[in-house]
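Undergrad: One letter stands for each residue in the lines below.
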Amino acid sequence: MENKRQDIPAIELRGITKRFESVVANHNINLSLKRGEILALLGENGSGKTTLMNILAGIYKPDEGSVMIDGEPVTIHSPEDAIRHGIGMIHQHFKLVDVHTATDNIILGTKDTGFFLKKSRHNKIKELSEQYRLFIDPNKKVYNMSVSEKQTVEILKVLYRGADILILDEPTAVLTPQETQKLFEILRHMRDNGCAIIIITHKLGEVMEISDRVTVLRKGESVATVNTKDTNAKALTELMVGKAVELSIDRPQRKHDGNLLEIHHLTVSDENGVDKLSDVTFELNKGEILGVAGLAGSGQKELCETIAGLIKPRKGAVLYHEENIIGKTPAEIIKIGISMSFIPEDRLGMGLAASLGMTDNMLLKSYNKDKGAFLSRKEARRQAEGLIDKLEIVTPGAETPVRRLSGGNVQKVLLGREIDSNPNMLITAYPVRGLDINSSYTIYDAINKQKEKGVGVLFIGEDLDVMLELCDRIMVLCGGRVTGIVNAEETTKEALGLMMADAVKKGEGEQ
Amino acid sequence: MKRSGEPLIRVAKKTELSGGRLALFSLLGLCIAIFVGGLFILTLGKNPFAVYQSIFMGAFRSPLAFQGTIKIAIPLLISSLAITLAFKMKFWNIGAEGQIIMGGIFASYFALFHDGLPHFLLLLIMLIAGMIGGGLWGLIPAFFKSRFGTNETLFTLMLNYIALYLIKYLTEGPWRDPASSGFPKIATFTANAQLDKILGIHAGWVIALILVVFVFVYLKYTKQGYEITVVGESENTARYAGMNVSKIVMRTMFLSGAICGIAGMTQASGAAYTLSEGIAGGVGFTAIIVAWLSRLNPFLAVIFTLFLSVLQKGSSVMQSAFGLSTYVSDVLEGIILFVILGVDFFTQYKLIFRGAQKHD
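For the protein sequence lines, the chains are C and D, in the order given. Residue numbers for the first sequence follow the numbering used here, so the first one is 1 and each next one is one higher. Residue numbers for the second sequence follow the numbering used here, so the first one is 1 and each next one is one higher.
Read the hints as simulated data drawn from the structure, not as lab findings. Where hints are given, some of them may not hold.
What the hints assert, rightly or not - No farther apart than 20 Å at their CA atoms in a straight line, the calculated lysine to aspartate or glutamate pairs in the EDC-like style are these:
| hint | chain 1 | residue 1 | chain 2 | residue 2 |
| --- | --- | --- | --- | --- |
| 1 | D | K223 | C | D370 |
| 2 | C | K390 | C | D420 |
| 3 | D | K223 | C | E379 |
| 4 | D | K223 | C | E399 |
| 5 | C | K312 | D | E235 |
| 6 | D | K220 | C | E399 |
| 7 | D | K223 | C | E332 |
| 8 | D | K220 | C | D370 |
| 9 | D | K247 | C | E332 |
| 10 | D | K350 | C | D63 |
| 11 | D | K145 | C | E271 |
| 12 | C | K312 | C | E262 |
| 13 | D | K220 | C | E379 |
| 14 | C | K328 | D | E235 |
Unchecked claim - So the derived list for chain D, only partly shown, Cβ under 7 Å to chain C, looks like this:
| hint | residue |
| --- | --- |
| 15 | Y221 |
| 16 | T222 |
| 17 | S234 |
| 18 | Y240 |
| 19 | A241 |
Ideal placement from N, C-alpha and C gives every residue a C-beta, glycine not left out.
Please build the complete structure, drawing on both the sequences and the hints.
TA: Take a look at the structure:
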């Protein structure tokens, strides 16, 4: 691969257009990528990043436009085809077989000839490991691996297949800041070894740090390609959104005193007896936003669901105004005057009924308030229409199944309903996931308004930068343990990262 | 296309169709099914038009034929409504057969042993007994599912056989008609325990039509109906909204079974005037097809029930008119149903052939 000429782009896309029914996902996109270069593909959710990369990976075929690899036009029919052209995709969700070793996963699906596995596979993996400094234990089973080790295996997997053009889809979403640094080092090293790398992300800080050039997509079009060193985060945001935006989040002064919720020694086990939360103790005050940081699967889900009464803890207490609410059903928790607005992680699976329209979804928690056997939809319809206006929800109508709405709009339906119920406490998990920047700020504002009204907000987040700006305090969870509760103003991203990672190491040590 | 990396045919999900388009698709499916059925008739060397005509005439040619058609339709419609309730909740009740039988058994007890009661009181008691019998048979799998997470499909299926063998036992044992010499059967109901006729057909059809409206209103406008829909969408969402999922599942399955029980009661006291093994006769399974084809809409269920009843009634006439084997009409019915269900696939998916330019 070193012999290929540097001046011919490894990949060049010209005028790529892809439509789905009436929706234009990609329109006339141009992009080029040289070997020895890291290109960041930046764009909001729904801007067409994933569609474009799926075209390169052979999952979709473009309606118009051409794909050139090393200067030659090609048609990529399938993911196999993509690999033949040297394109390897590393998906956000790992596609590994848990019970197999790293080596078994790496060779999985390769089309080497012969009946028996070749001994040489071990050497080849070792060579690749050393060349790209991707160090893993080849005999370790995937289920024993940390997230970043799994990612390393994924990268080795595509390299083993001979890919030298790598596409990484939001690779840092599941990593701690420290693991991210390690990944970036690997990527830089690969770049220096002549690989061409596309990294898809919406985190501006990472774009500035890792990429050589940035291509910005907006509403399915490639609006600009700039050299990273000639730009800055603000300029990139403006390109991405299409207008100037204020990038700071308000943190209004706390106006309320007093304690709302106390959690004591909360321990939750799953059906296999594995502790998902252990000995969690904290308190939430009125008019406070308490952020909960941690890697995915650190017990956030269990924490939310326990407070909402959906799962029973093994031990511990949840005191709301000094009354223990453990053991009460969700309906009772709503009834005794606690209006806990819980926005679950899994929106369509838990917060909403996908086939029903907005009106019927508004009814979900309130349908039983009136007496009588029949439903009254009038109020709910008014509420739905109010939300469509207030939060600018894009839907053909209040009766359209929410399943057909885009992720961001589904999010607004859910959050809107919860805030409309005038809660005393709001639990929200990843409330801006899938939202564009403007909508995200609408949501932050809405949450701040709740805070000013005296509502206690438990904010389960993933973007540390946002949490540092928005939250009053941040609690870090890892492996189901609280590894720290800090004032947001007095801490740094690195400090939070250490707390997140510290617990990860402890967790591994136990296994 | 030089490379062959792309498969010959791919299946892709379509964007959702609106209600109107869906109805159109169902109609199209019906037409294609009739056409394919026609091809089958052609291979037998018969004229498809003549055969279809005789099926149609067979179902409608005389008041008697028409009454026969409706008699087939009544239990089918009632049990498809019962299944609609369960399926709306995504509780895969394939035990309608057993629930019909249990309804029949409970109702027959009063017809056989308490037929001295005043006529309408007796019928009312039989109706309620039928509902309780069917309802309990529906409640059992619901209880075990919400309590122990058992699989409702297997459970309801197995309960069918228990119900069926219970009739056999009763026929040969405790309820055997002493007047029937040698041949084990249950006595014919006295006139007092027979369902009255309205416009020449037993009153089951009125009950069925009332149930159509009831199920429609229940699902669409009541709180309980709303709960069923939400549980069907996602049990987690239901729990999150504070609903008691087990209670809803058990209540709905009792209701579903009870409606099947009504079908059993009307069959015993309106059609057969006795209780026999053939009381359900596969209706509980055909009803699943009706409920599915009508997309759980009670009014569409009326149309599909009529279609299937005409096919069934007319086929028996057709096979004697054309001198065909009894199995031919079964095969024809099978082909038609198969094609309708096959076309249903294309309401959700489409095929993409290799190299096809996609301009959709």
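Undergrad: Could you tell me which of the hints above the structure violates, numbers in ascending order?
TA: When the structure is compared with the hints, none of them turns out to be violated.
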